[in-house]
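The task is simple: from the sequences and hints, build the whole structure.
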Amino acid sequence: MEFDDDFNLENPFSNSNDDDDSSFPLLLFHTETAHMPSSTYLQTLSTTRRCRCRRRRIVSLIQYHSLNFDPFSPYLAINYMDRFLSTSHYSIPLDGKPWILNLVAVSCVSLALKMRKMEFSISDFQTVERMEMLILGALRWRMRSINPFSFLSFFLSFFQFEDTKSAQEFKERATHIIFMAQNDIKLLEFRPSIVSASALLSAAYELFPLRLPSFRNSISSCEYDDLFNCYNRMQQAVVAAMDDCESVVEMGSCTPANVLDAQYFSSSSSENKQMSATGNGDIRGLKRRKTSEFAADM
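Under the UniProt record's numbering, think of the first position of the sequence shown as 1, with each following residue one higher.
What the hints contain is simulated information worked out from the structure, not anything from laboratory work. All of these numbers come straight from a predicted model, not from anything done at the bench. Worth double-checking, as some hints may not be accurate.
What the hints assert, rightly or not - Computed beta-carbon distance windows for the label pairs:
(1) 67 x 125: 17 to 23 Å
(2) 240 x 29: 26 to 32 Å
(3) 211 x 29: 35 to 41 Å
Claimed, not checked - Cut-off 20 Å, straight-line C-alpha distance, at most; resulting in silico cross-link-like pairs (DMTMM-like, lysine to aspartate or glutamate):
(4) 186 x 226
(5) 165 x 206
(6) 117 x 6
(7) 114 x 10
(8) 97 x 124
(9) 114 x 6
(10) 114 x 129
(11) 117 x 184
(12) 186 x 169
Idealized CB from N, CA, C, for every residue including glycine.
The following block contains the structure:
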C-alpha cells in the first residue's frame, strides 16, 4: 500500500510548502475537528483506568518502534491511534491480548511513515496490512491529519521579531512543547489550533516573558477560556514529561517489528514509563509555571 504524496504535518493539504493561498488558514480552522478523537473517547479515557493503561501501552510501543525516526512520525502515528480507538464502528478485542496492542502500534507507525515516504521494515506483513486497512476504514482515509503544527506558521505571522533567528528559536520551542505534551489525554479535548496557540504562549512565557501580553493579543482570535485551560493543562503535561522521561524499552538494537512476538510481551508485564517523543532534547529547559502568573498576564 502506497500513498501518492509526501505528507507535511505543517501543510496537510499539499506536499509543497506554498501556503500563499489566502483560503488555506480558513480551510484548516473549518476542518480541524474532523481530525480529532471523539468526545466519547476522551470521556472513556478520563473515567476508565483500564483504557488509560491501554492507551499508555500503545503510545509507548509507538515510540519504541519510532526510535529511528524524527518525532513527527510517532506524533502522527499517535494521532491515528487515538482516532482509530475512538471509533465505535471498529471494535477490536484489545483487553487480554497484548499482541494486538503491538499490532495497532506497528500499523499506526507504518501508516505514518508511508504518509511521509519513509522506509519501515516489518515482519508479519500481511497481518499488519490487514490492520492498516481496518485503521484506514475507521479514519475514512483521512490520513492528512490537521494537527497543531499546521497552525504554527499562521499564528507566527502575526508576531513581530527582530530577526529570523529569534523567530526560528520561538517556533522550535513551541514545536518541542507540542511533542512533550502529546501524551496527556486531557489535551485531546482541545482543537489543534488551540493546542498550537497554547504552545506558542508557553514558548513566549519562557523565551520572551515581557512580550507575553503582546503575543497573547496577536492570537486573540482563539476563545479565551479554551486557550487559558489548554495553556494550563499543557504546563502540567510538560512538567509531567520532565519528571517521567525515560526510555520506552531498553534494547541493544532495533530490529524489524514482529507483531506476534508474545514472548516479548509476557516478559514485559510491568508498565514502562513513557519517554518524550522529542528524543534526546533538553526537556529541563522548561520551568514549572503557575496558573495564577499566566492569568495575571492575560
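Could you tell me which of the numbered hints above are not met by this structure, giving the numbers in increasing order?
The structure conflicts with hints 3, 11, 12, although it agrees with all the remaining ones.
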